[in-house]
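There are 2 protein chains.
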Amino acid sequence: MIVAKFGGSSLANAANFNMVMNTIESDDRRKIIVVSAPGARFKGDTKVTDLLIKAAKAVPGSSEAKGFVDDICARLAEIAEGVGAGTQCVSGAEADLMGRLAMDASQKEMRLDAVKAFGEEWCARVMAAAFSARGRKARFIDPREAGMSVTTEYGNARQTNGCYKKLSKLASFDGITVVPGFYGGTSRGSIATFSRGGSDLSGSIIAAAVKAEAYENFSDVPGICAADPGIVDNPRLISELTFRELRELTYSGFSVFHDEAIRPLVEHAPDIPILVRHSDGRDTFTKIVNDRKQDDNCVVGIAADTNFVSFNVEKHLMNREIGYGRKLLHIIEKKGLSFEHTPSSIDSISVIIRLPKEYDPKTKSVNQEIVAANEATVAGLLEDIKSKLNPAPDIVKADTGLAMIAIVGEGMKESVGTAAKATAAFASASANIEMISQGASEISIVFGVMENRVGDAVRSLYKTFFA
Amino acid sequence: MIVAKFGGSSLANAANFNMVMNTIESDDRRKIIVVSAPGARFKGDTKVTDLLIKAAKAVPGSSEAKGFVDDICARLAEIAEGVGAGTQCVSGAEADLMGRLAMDASQKEMRLDAVKAFGEEWCARVMAAAFSARGRKARFIDPREAGMSVTTEYGNARQTNGCYKKLSKLASFDGITVVPGFYGGTSRGSIATFSRGGSDLSGSIIAAAVKAEAYENFSDVPGICAADPGIVDNPRLISELTFRELRELTYSGFSVFHDEAIRPLVEHAPDIPILVRHSDGRDTFTKIVNDRKQDDNCVVGIAADTNFVSFNVEKHLMNREIGYGRKLLHIIEKKGLSFEHTPSSIDSISVIIRLPKEYDPKTKSVNQEIVAANEATVAGLLEDIKSKLNPAPDIVKADTGLAMIAIVGEGMKESVGTAAKATAAFASASANIEMISQGASEISIVFGVMENRVGDAVRSLYKTFFA
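So the protein lines, in turn, are chains A and B.
Sequential numbering from 1 applies to the first sequence in the working numbering.
Sequential numbering from 1 applies to the second sequence in the working numbering.
Worth double-checking, as some hints may not be accurate.
Calculated lysine-lysine pairs in the BS3-like style (CA-CA distance at most 27 angstroms, straight line) [what the hints assert, rightly or not]:
| # | chain 1 | residue 1 | chain 2 | residue 2 |
| --- | --- | --- | --- | --- |
| 1 | B | Lys-463 | B | Lys-293 |
| 2 | B | Lys-315 | A | Lys-293 |
| 3 | B | Lys-166 | B | Lys-137 |
| 4 | A | Lys-335 | A | Lys-397 |
| 5 | A | Lys-386 | B | Lys-327 |
| 6 | A | Lys-388 | B | Lys-335 |
| 7 | A | Lys-54 | A | Lys-362 |
| 8 | A | Lys-334 | B | Lys-386 |
| 9 | B | Lys-334 | A | Lys-335 |
| 10 | B | Lys-386 | A | Lys-413 |
Just so you know, the hints here were simulated from the structure itself, not pulled from any lab data.
Just so we're clear, the structure is a prediction, and the values are computed from it rather than from any experiment.
Make a model of the complete structure from these sequences and hints.
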């Protein structure tokens with residue numbers, strides 16, 4: 001039995017929906033289907049989940065709210081019609097959504113989650129109806145009913161330990177089961193959603209619970225690339241990578257897969273592979289496994305991300321001050337910030353922190369509010385380090401505009417010369433390396449470069465390891 | 001005016017003593033001379049300071065103690081005779097030493113420091129007498145009298161802030177002033193010594209106090225080498241390096257200069273250069289300065305040291321646990337240990353700790369007691385990390401037998417490709433890089449390799465950067 005999860009971009013309209021259903025039917029083992037809410041149909045279109053959030057934020061009962069409700073229900077009806085399920089399968093949708101919107105507004109988070117979950121629920125209902133219309137034995141099942149019990153951290157819920165046993169019963173149905181992703185039920189009977197993209201997590205939990213032979217994660221990409229296609233032209237697809245490698249790649253630039261979604265499999269069913277693949281059913285995919293044979297290329301991928309800042313603290317004889325680094329980290333922690341790396345030498349330590357992204361690739365513009373907030377964060381932390389670190393450091397400064405580039409691969413630990421190849425690639429791209437961190441797991445080396453050097457550096461690394 | 005400090009190996013016998021005095025007389029600016037106690041005259045000989053420690057540890061009044069006193073006084077007399085000062089200048093030495101040994105044994109540390117300081121004091125007295133015998137205007141002055149006021153941390157004393165003003169008056173004498181290094185006077189009137197090798201510090205404090213034009217540090221080496229001569233054949237002498245570079249090199253392998261000795265100059269008189277040179281007066285030397293022009297070679301030196309251990313902690317989603325690294329460092333700190341580096345990747349962090357040296361180059365043997373103590377330290381810390389780190393890590397292990405190799409140079413920050421050259425050198429030495437830390441000051445990159453790869457790696461690095 002395979003658990004297959006489909007992302008919203010693959011369920012945006014009836015044509016995609018039909019393609020997805022064909023893909024499901026092409027392999028009899030695909031018995032449990034987890035769906036997101038319909039995504040954007042075209043560039044600039046609004047995802048159903050975003051329409052739902054707008055509806056929730058509009059004044060309850062207002063014509064604005066009603067407008068969103070109408071849009072959402074029209075999209076559902078259009079899909080239902082186009083996939084042969086008929087509009088009667090969504091006849092209850094409008095009343096359901098109006099009911100959710102009419103919930104007690106003082107329970108803001110709970111109400112929002114109930115509204116957001118509507119998209120996944122009705123997408124799943126439509127698909128189950130469509131399979132029935134195709135003459136397949138199929139059922140819709142609500143995650144709450146199926147046993148997806150979650151904590152009451154609305155918008156950021158976590159699965160409970162008890163959910164696996166209950167969900168394991170999903171395996172007993174011999175037709176196709178369609179389950180909405182993204183949410184579960186709390187002990188209070190309310191709906192709570194995982195964080196954004198959480199349908200990946202739903203699929204992973206269910207795959208672990210039913211002990212599936214594989215967890216297929218379908219979307220509009222053919223798998224995971226060895227580098228960001230926005231930087232490298234036609235990067236190769238990674239055929240196989242381990243959970244740990246994926247986590248390291250997710251560090252930056254690899255947002256294709258909600259990384260927390262690995263956890264249920266790592267912890268409960270490490271032998272179940274995840275297949276990241278295209279919903280059109282093509283044969284290529286990236287397989288994520290617990291352990292893999294090493295191939296010749298010890299580096300499987302290159303990830304890069306921007307908006308890092310390095311706080312550099314120098315103090316003569318620092319290494320004689322037991323606890324100095326720990327005190328520095330404590331000051332950062334008190335600001336609610338977590339650090340990414342702390343490279344150090346004898347009298348100095350750098351703390352690398354990730355700031356919120358200033359550039360929004362969607363709007364292709366720099367968000368000035370985030371720029372201002374980041375500047376305030378940096379200035380505030382500089383001030384705190386100067387005033388609170390005891391004994392006082394000799395020099396404290398912040399270098400902003402840093403990017404981190406990680407090269408990742410389990411094979412690196414047995415391979416002499418990987419760092420040499422990588423650093424040579426930086427040099428040939430004339431990218432000065434501002435920091436390096438390698439250690440511990442040794443399945444990645446992280447390099448800091450100035451943001452304007454990222455493109456050249458990543459292309460040079462790609463050429464070195466993959467071309 | 002130059003403050004010149006001479007190490008014990010240059011004052012071991014009358015011949016060396018005469019050579020040192022010739023060197024002093026060869027430059028009229030050498031007005032203030034700081035001396036250590038006479039060192040070893042030949043391989044296997046015992047330094048006067050070590051004889052003094054043995055005398056202090058022998059039963060007071062015993063014939064064993066008297067034997068050491070006789071040996072020490074005989075060495076002083078032999079030098080005094082050989083340098084033309086005559087034995088009358090040390091006629092009070094025996095009574096002085098017996099008096100120190102007769103001090104209240106319950107004040108163990110205070111008594112030990114008084115005994116240890118005897119060697120420097122009488123070495124200085126002999127030199128002052130010898131200059132007088134040569135017809136030079138010369139004086140002996142005790143550091144306590146000169147104003148070297150120190151804390152009562154016996155064996156590890158620190159200078160007080162007030163000492164500089166008092167010591168500045170040393171400059172007013174127009175002859176040669178000979179001052180014992182290594183100790184000062186406490187507010188209680190007792191003698192307290194700096195940590196071992198502290199005569200370097202005495203010289204540095206005095207140089208800062210009198211605003212000398214240079215602080216010359218003479219010993220039996222011609223300067224500071226770019227790599228350990230025990231590893232690299234005839235390494236080149238470093239002509240100029242900065243205080244910061246020296247500190248980074250002192251990190252490991254560069255024990256020629258007591259590194260804490262830089263501090264008074266860095267803090268009070270950064271424009272005074274330190275000249276590390278041979279006491280035979282030859283022209284070569286290494287100049288340590290506050291700031292220097294960059295030359296072509298961005299790396300000035302390579303340092304290496306052994307007996308490091310890396311504690312590797314893995315925890316899935318570690319980067320979401322704010323404070324995880326800080327908690328780990330706190331556990332280490334509670335064991336009284338300080339960390340050297342903490343390279344990290346997304347789900348793992350390594351903490352590199354320096355353990356006491358297991359191999360004693362003097363006896364050319366492995367000290368089994370230290371081996372056992374180190375094993376206990378590692379096992380205890382592993383246990384603490386496993387039991388106290390919350391949430392519990394997925395994997396904790398310790399890699400022992402690590403060596404750290406640092407390449408150091410202020411020019412590295414402007415130079416693209418230094419890391420590439422260095423890592424290529426490791427690769428060509430078939431030395432797998434276990435960890436890398438570069439950041440912050442960016443005047444060094446530290447690499448971890450297995451101890452058995454150090455020799456090849458350092459030679460390969462030397463070839464890359466200096467050959």
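Tested hints:
Restraint check for Lys-463(B) and Lys-293(B): the C-alpha separation of about 23 angstroms stays at or below 27 angstroms, so the hint holds. About 23 angstroms separates the Cα atoms of Lys-315(B) and Lys-293(A), which keeps this hinted pair within 27 angstroms; it holds. For the suggested pair Lys-166(B) and Lys-137(B), the alpha carbons sit about 22 angstroms apart, so the restraint of at most 27 angstroms is met. As the CA atoms of Lys-335(A) and Lys-397(A) are separated by approximately 17 angstroms, the hinted pair is consistent with the 27 angstroms bound.
Only pairs whose Cα atoms come within 27 angstroms are accepted, and Lys-386(A) paired with Lys-327(B) is accepted, the gap being roughly 22 angstroms. In summary, the hint linking Lys-388(A) to Lys-335(B) is supported, as the alpha carbons are separated by about 24 angstroms, within the 27 angstroms threshold. Between Lys-54(A) and Lys-362(A) the CA atoms are separated by roughly 18 angstroms; this keeps the pair inside 27 angstroms, and the hint holds. Distance restraint check for Lys-334(A) and Lys-386(B): the Cα-Cα separation of roughly 25 angstroms lies within the 27 angstroms cut-off, and the hinted pair is therefore satisfied.
Under the criterion of a C-alpha separation no larger than 27 angstroms, the hint pairing Lys-334(B) with Lys-335(A) is consistent with the structure, at around 24 angstroms. Distance check on the hinted pair: Lys-386(B) and Lys-413(A) sit about 24 angstroms apart at the alpha-carbon level, within 27 angstroms; holds.
Comparing the model with each earlier hint shows no violations; every hint is respected.
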